[in-house]
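S.K.: Protein chains in written order, with numbering that gives the first Met the number 0: chain U, 0 to 408; chain X, 0 to 408.
None of these hints come from the bench; they were simulated from the model. Remember, it's a predicted structure, so these values are computed and weren't measured experimentally. Backbone N, C-alpha and C define an ideal beta-carbon position, used for all residues, glycine too. Do not take every clue at face value.
[Claimed, not checked] Derived Cβ-Cβ restraints for the label pairs, each shown as a range:
hint	chain 1	residue 1	chain 2	residue 2	range
1	U	R233	X	T367	54 to 62 Å
2	X	R9	U	G93	35 to 43 Å
3	X	F79	U	Q221	36 to 44 Å
4	U	F147	X	N24	32 to 40 Å
Protein chains: 2
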Amino acid sequence: MALVNEYFLRLTESYLFSDIAKKVNAFKLTHPKERVISLGIGDVTQPLCPAVIKAMHDAVDEMADSSTFRGYGPEHGYDFLREAIVKHDYLSRGVHIDSSEVFISDGAKSDIGNIGDIVRWDNTVAVTDPVYPVYIDSNAMIGRGGTFSDGKWNMITYMPTTEENGFEPQLPSERVDMIYLCYPNNPTGTVLTKEQLKKWVDYALKNDSIIFFDSAYESYIQDDKIPHTIYEIRGAKKCAIEFRSYSKTAGFTGVRCGYTVIPKEVMASTIDGNEKVSLNRLWERRQATKFNGASYISQRGAAAIYTPEGKEQVKKVVDYYMGNAALMGEQLRSMGMKVFGGANAPYLWVKTPNGTSSWKFFEELLYTAGLVCTPGVGFGPSGEGYVRLTAFGKREDCIEAMERLKNRG
Amino acid sequence: MALVNEYFLRLTESYLFSDIAKKVNAFKLTHPKERVISLGIGDVTQPLCPAVIKAMHDAVDEMADSSTFRGYGPEHGYDFLREAIVKHDYLSRGVHIDSSEVFISDGAKSDIGNIGDIVRWDNTVAVTDPVYPVYIDSNAMIGRGGTFSDGKWNMITYMPTTEENGFEPQLPSERVDMIYLCYPNNPTGTVLTKEQLKKWVDYALKNDSIIFFDSAYESYIQDDKIPHTIYEIRGAKKCAIEFRSYSKTAGFTGVRCGYTVIPKEVMASTIDGNEKVSLNRLWERRQATKFNGASYISQRGAAAIYTPEGKEQVKKVVDYYMGNAALMGEQLRSMGMKVFGGANAPYLWVKTPNGTSSWKFFEELLYTAGLVCTPGVGFGPSGEGYVRLTAFGKREDCIEAMERLKNRG
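Could you put the whole structure together from the sequences, leaning on the hints where they help?
M.R.: Okay, structure coming up:
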C-alpha cells in the first residue's frame, strides 16, 4: 500500500484558535447581550489603501483586453516588483540586493513553510520560545523535529525569550544548522538592536549556520536604532535568508503577496563536504517546479505600495495601528500591568498579574471585560504567564477595551 | 555546516523552453523581417471573460471598504467557491463530493508539486512518457526518483504512450504506490474513455495505489463518452486525488486559482501496516501550516465562472481554441501529416514525417515556415519523433501558420 509520511502523525493538532473560539462561543451563549471585542487573532482590519485599489483595478482591466492580457508570469515574480523591492526596501537602507535574489510569492507563510525543501532533512533547527508555530511544524513534517513530548520536539533547540533575558534569546550552546528569528517579534512584539542581531550573524558565520529571518513586521519599526533588514548587519548576506510580507505592511492578508530574499552567497554543503551549493539556485529551481508565480493582480497591488502616494497611504495605516498599540500600552501600564512590545511592533505582550496562568487570565478578561486575547502559552512553553494583544483592531474598540478593563470588578 | 538537499543536485536543468527561445532568437537575427508565429508554449492568449472581470472588480472594491474588507481567508478556500465546485463540477455529473474534500489553491502546479509532502519519501512512482515534467521533478526532489541517467530516473516507472499502443499507457508490470495520469493529456492531446480509465482505478484498488489525476484540460472535452472527472469511475473515490485548474478553463494562468479534491476515503498506510490514514486530513494539515489561502480576488473571479453568464462566456473561449485545434488538425491532415489529439484537448501531437527527429522537425518548421512548436522529446524519450502544437493562439495566426506550412518549399 502507498505509505503515509509518518512525521505528519507526530504533529499535535493545534487547538489554540479553535479552543479560543469555543470558549468565546460559550461566553456569548451565556452573555447574549455583551459585545465581545477581539484583540486576539493577528489579522488586519483596515481596508487596502487607494493606490493599491487603483493598481489592482487597472490590472484587472488589463486582463480584460487581449492586447494587455497577462498569462503565466515568471515563477520568481515580475521585474517591476522585484526592482521596486531592491530599490525601496534595500537600496534606500544602503543594502545592495540584486533583483535575481528576490523571489515574489503568494505570501511569507508559503515560503517559510516550503524553504525547508531545499536543505537536508536532518539539519538541526533552533527556534525562539514563544514562537510562530509554522517554523516548528513545517520542519517536524519533514522529520527535523524528532519526537514530540511534554510540549517540545526532542530534536529542536528552544531558545526562551522572557522577561528574565530581556526578550533577547541566548545563542545555542551547541551548534545548530538552521536558526529561525522573527523581528519585530511575533508574539512578543519585542525587537533586537543591530548589536544584538550582530551576535546571531556572527554565530551563523562562525558555525556555518543559516538564519531564516522573518521580517513580516518590519514596517512597524519606529526606532532608528532597530535594523529594518538583517542585511544591515555585515556578513548577513553570507548566512541569512529574509522573508517579507505585505500582509501586515499593507493589509494584504487576503490579497496574498510576499517575497523572500536569498543572496547568492548563502550556501549549504553536500554531506561529503566537497561542494558548497548556492541556495538561491536551488530555490529558483524549487519555485520553477512547484510554483507558478503570484497573481499578476496582487503583484501590481504590491508594486503600488512603493509609489509616493502608496508609501504615504500605507504609513497612515501603520501609524493608525501603532496609535492603538501606544494607547493600549499606556492604559495597561496605568492599570499597573507589565507590558512588553508594542513600541516597534503591532503586538503587546502582557504579563498576567500575580502569576496567573495564560488561560486563566484569558478567561478572566473574557468574563470580566468581554475581551478576547491570545494566551501566550499557545505560542510555546515560555509564553506561559503572558497573553498577546494585537493592535490591528479598530481604534474605538481599543479604547472601549481599555475602558472595560479599567472598570471591571 | 548546514547541509543541502542533495536530491536537488541530481536534477538536470530543464533547458527545453530556453533552448527553444535561443533557437528562435537565432532565427530572428538572421530573418529580421519574418514574423514568427508561436504555437509552442501552452499559455492562453484570450482575455478573461466579462463575468470574471466584473467579479474581480467587485472584489477589489470590497477590499477598499472596512465594512466589506476581507483579511485572512480559510486556508482551504472560501465556502462560496468550494460549494460552487461541488455543485457544478461534480453533482452535475452525478458525483457526490463533500465541500470539505475540496481544497482551493493558487493553482494546480503548486498542489501537484506539494502533494508529495504527505506521503513517504520512498513510495514508488509511475508516470506516462511523454509527460508534464512537474510530476517527475517534484518527486525526484524528495528522493523518489533515485538517480538519473540516459534520460530516465532509475526508481521511476515510465509508461510509454505512443502511436503503437493507441496512446493508452499499459498498466505497470510491477505494483507501484503512486500513479500520475493527466487526461485530457498534456502533451499528446489524447484522452481515455471510461472503460480505459476504469482499468487504472481497478489496478489502484487492487494494489492499494494512489492515482494523482491531473484534470487541467477537462473543459476541452467534447465527446460524451470521455469522463470529465475520475470520480465518474466507480471506486475512484477510494484511490484517486484529482487536480483541477482554472488556467486553461478560464484563462487564469496569470490570476492563479485551482483546486484539489481529496475524498476522505483515500488512505495511505503506516509502514507497520497497522494504521490507515486519510490523506484528506493530512493535506488539510499541510495547507494550514504551509499555505494561507488563495487570493480572495482570484477566488471571486473563479466563482464567477459558475454563473450562467460565466459558463456561457467561458465556453465561448474554449470553443474558440477548439476551433483552432479543428482547423489545424484538418489542414495538417490534408497535407498528409499524422496528427493525434486536438479533438478533446487543446494540443495537437504531430508525428514528424519520415522519422525525422523532434528537434530536426522543429528547426524545419522554424526555417521553412517561421513557426514555433515544442519538440516532443522535450516531454520524455517516447516523445521523440513528435512535436506539440497548441491551440491557444489567435485564430488568424493559426490560419496563417497553416498557409505557411502548405506553401513552404
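S.K.: Next, verify each hint and record whether it holds.
M.R.: Comparing the hints with the structure gives:
Look at R233(U) against T367(X): about 59 Å separates their beta carbons, and that is inside 54 to 62 Å. Distance hint for R9(X) and G93(U): a CB-CB separation of about 40 Å, consistent with the stated range 35 to 43 Å. About 39 Å separates the C-beta atoms of F79(X) and Q221(U), a value consistent with the hinted range of 36 to 44 Å. Range check, F147(U) to N24(X): about 54 Å between beta-carbon atoms, so the 32 to 40 Å window is missed.
Of the numbered hints given earlier, the model fails hint 4 alone.
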